[in-house]
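Put together the whole structure using the sequences plus the hints.
Listed below, chain by chain, are the residues.
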Amino acid sequence: MIGNEFIAKIEGHGQLKINWKKGEVKLHVFEGERLFEGMLVGRTADEMAWITPRICGVCPTAHNLASLRAIENALGIEPSQTTILLRELMDCGQMIQSHALHLFFLSLPDYLGIDRGTELAQKNPKTFKDALSLKEVSDLIVKTIGGRAVHPMKSVIGGFNKVPTKIQLKRVLAKLEKTEKAAENTIELCAGIEWPKLKVNLKLVVQKEDKIIAVSSVNIKGRKSSSIENYKRDVEEEIRDYSTAKFGKYKGEEMLVGSLARLAVAGNYNKKYKLDFANPFYNNFAQALEILYYHQKAQDIIRELLKKRMGSKLVRPAKNSPLRGVGVVEAPRGGLYHEVYLNKEQVVIEANIITPTVQNLTSIEKSAQALLKQSKNRSQEELERLLTMLVRAYDPCITCSVH
Amino acid sequence: MPKPRVAIFEFTDCEGCEVEIVSLRDKFLLLEKRLDIVNWRLGQENNQPGPYDITIIEGTPITQHEIDMLKKLREESGVLIGLGACACMGGIPGIMDKDQRKKWYKKIYGESYKPKGIDALPLSAYVQIDFLIHGCPVNKNEVVRIVEDLLAGKTPKYRGWSVCFDCKQANNECRLVNKKPCLGPIIQGGCEAVCVSGGASCYGCFGLCQEPNIKALLKILNQISDKEEIDRLFSMFLKKTEEYKKIIKNDWQ
Chain A
834 MIGNEFIAKI EGHGQLKINW KKGEVKLHVF EGERLFEGML VGRTADEMAW
884 ITPRICGVCP TAHNLASLRA IENALGIEPS QTTILLRELM DCGQMIQSHA
934 LHLFFLSLPD YLGIDRGTEL AQKNPKTFKD ALSLKEVSDL IVKTIGGRAV
984 HPMKSVIGGF NKVPTKIQLK RVLAKLEKTE KAAENTIELC AGIEWPKLKV
1034 NLKLVVQKED KIIAVSSVNI KGRKSSSIEN YKRDVEEEIR DYSTAKFGKY
1084 KGEEMLVGSL ARLAVAGNYN KKYKLDFANP FYNNFAQALE ILYYHQKAQD
1134 IIRELLKKRM GSKLVRPAKN SPLRGVGVVE APRGGLYHEV YLNKEQVVIE
1184 ANIITPTVQN LTSIEKSAQA LLKQSKNRSQ EELERLLTML VRAYDPCITC
1234 SVH
Chain B
26 MPKPRVAIFE FTDCEGCEVE IVSLRDKFLL LEKRLDIVNW RLGQENNQPG
76 PYDITIIEGT PITQHEIDML KKLREESGVL IGLGACACMG GIPGIMDKDQ
126 RKKWYKKIYG ESYKPKGIDA LPLSAYVQID FLIHGCPVNK NEVVRIVEDL
176 LAGKTPKYRG WSVCFDCKQA NNECRLVNKK PCLGPIIQGG CEAVCVSGGA
226 SCYGCFGLCQ EPNIKALLKI LNQISDKEEI DRLFSMFLKK TEEYKKIIKN
276 DWQ
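Residue numbers (the working numbering), protein chains in the order written: chain A, 834 to 1236; chain B, 26 to 278.
Treat the hints as calculated values from the structure; they're not laboratory data.
One or more of the hints may lead you astray.
Which stretches of chain A does chain B cover? Using the computed rule of at least three CB atoms under 8 Å from a CB of chain B, they are [said to hold, decoys possible]:
#, stretch
1, 867 to 876
2, 888 to 896
3, 949 to 960
4, 965 to 975
5, 982 to 991
Derived lysine-lysine pairs resembling DSS-like cross-links, with alpha carbons at most 25 Å apart [stated by the list, open to error]:
#, chain 1, residue 1, chain 2, residue 2
6, A, 1011, B, 52
7, B, 132, A, 1177
8, B, 132, A, 1084
9, A, 1146, B, 204
10, B, 52, A, 959
11, A, 1065, B, 131
12, B, 52, A, 1014
13, A, 1177, A, 1146
14, B, 131, A, 1082
15, A, 956, B, 58
16, B, 240, B, 193
17, A, 1008, B, 52
18, A, 956, B, 52
19, A, 1146, B, 205
20, B, 58, A, 962
Where a beta carbon is used, it is the ideal one built from N, C-alpha and C, also for glycine.
Right, here's the structure in full:
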């Protein structure tokens, strides 16, 4: 039947293939090959930052920012302090946009006894109001800074075509102050959910400044750190015949990236809430905690910006720039890598992109297998349901993974 | 009267147009009350088979599976609507031609990889489409207007003006007058000129307007730009249109 062959409520088209006898689970990816890395060749650096957001309608801003960072590194451009702040603010908006969409429309319905997210309007109007206000404020942030809630166009090489006025920023700040309560409510909602049990040993991987940091999900204390410049040595991609997305690993091990990994490494959340880093279902909870974190961070940034003079003068490329650059950002779903080689006319001659979901795919399969092993006395139907919920907890963006 | 049975599908794409629809928030809720969304993979698990009164399709049918599904959906749908630049024109994936795709499959996925994709073409390359909601992403207010027209039993109409009109309303300076490339004069309005307002060029994601004077625009563009840049401008969204192939290619030769 049309419509039920792919996993519902995830971005893009994937299917779980379960071998019950062997206890094996595979995630088949059906998206058509999109070939963005090929599309970029022959396009200008400016156009790269315009095209890559189209990889994903849920996290377009993250792609825009990663491309800009790669290009600016290639051209020896150091953006101004206000540009950096405005970009961080866009990123806060992007995080809240994506997390709120995922929690309220894709993953939490499993736990709240509804199917379509909008059913909350009837069933739990207060929570639904929170969902809408989080969506509204995050769309407003990205629109105010980037020019549009999906696919920004103001944010360009060297800075911004146009910067927001202080009146606009104050309006965003006033709204954020009001919606902070909705962020807190979302955490409370998640704190009350009993997440399915699961324990998996994975590498939790995040980026911090120019480093890739990895910790073990079962012991987050010891950490490995390596340089982002050599990201290809740490994050390897495999091609599998059942998928149009590649499967990523960290130094040969299954890795988990995104909210849960970020909170494990940074520890910047209220510790009265207990997170289980070896249980990927807790990624949902981590997203809720991050909604509040980015809410507060956005307010801090705006308060700082209000003290500064903002201009839209773009920083020009340096002479003798390396023409090769790596740009990395923590996208909502985890580390996003863009690498670019330019010629002297600033035309792309080679590009490489590794998305967060590529890095999560191998660990989705590992966690799914662990879930089968660890869940006793359940029917196949119940197990299928649990597996689907597990896939959703990762917030996979199959669309991004096939870029 | 029963509510119309509506299905929303997406083929290979970024799903940004569906995100725009969710961004309607309260307005989406109001629309939703007037229809019965019986199939929407991205939004719900309980999905029913056709027939559907209205089917909305986002994305480009790249794989054979998607092409077959599109043909089946055409048979099962009263009104078939394309959502966004990918569905309406091939969109960003349409930048790459079929021949180039072969080279890139090998380069990106390796020599032994068996590609699943065929080509990035608009929906109309395979079946008849009743209406196109243009944009990359779509303008959410346009989505409301068009769906409301459909619900009222009207045949929706395309905007009878170009992006220039939207630009005047947005109080933008004209890019062409300022010697900056722009496709605004030949592109259908309704986008609120959001890109030009944001300091970017119009790349034409809303598709060509009625009777576009492409030759006149090329004359101006040739004065302020060069062939490569003009080609990049036209090939961002319009590469799979007949006009791109016929008029533009011939004009430059």
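Here's how the hints hold up against the structure:
1. 867 to 876: holds (count 6)
2. 888 to 896: Result for this restraint: holds, n = 5.
3. 949 to 960: Three-residue rule met by the stretch 949 to 960 of chain A, so holds; n is 4.
4. 965 to 975: The restraint on the stretch 965 to 975 of chain A holds, since 4 of its residues have a Cβ under 8 Å from chain B and three suffice.
5. 982 to 991: Per the Cβ count (7), the hint holds.
6. A/1011 x B/52: holds, 21 Å
7. B/132 x A/1177: Holds, at roughly 24 Å.
8. B/132 x A/1084: holds, 23 Å
9. A/1146 x B/204: Holds: residue 1146 of chain A and residue 204 of chain B sit about 19 Å apart, inside 25 Å.
10. B/52 x A/959: The hint holds at about 17 Å.
11. A/1065 x B/131: holds, 19 Å
12. B/52 x A/1014: holds, 23 Å
13. A/1177 x A/1146: Holds, at roughly 22 Å.
14. B/131 x A/1082: holds, 22 Å
15. A/956 x B/58: holds, 15 Å
16. B/240 x B/193: holds, 22 Å
17. A/1008 x B/52: holds, 20 Å
18. A/956 x B/52: It holds: about 19 Å lies between the C-alpha atoms, which stays within 25 Å.
19. A/1146 x B/205: Distance of about 17 Å is within 25 Å: holds.
20. B/58 x A/962: Cα-Cα ~17 Å, so holds.
The structure shown violates none of the earlier numbered hints.
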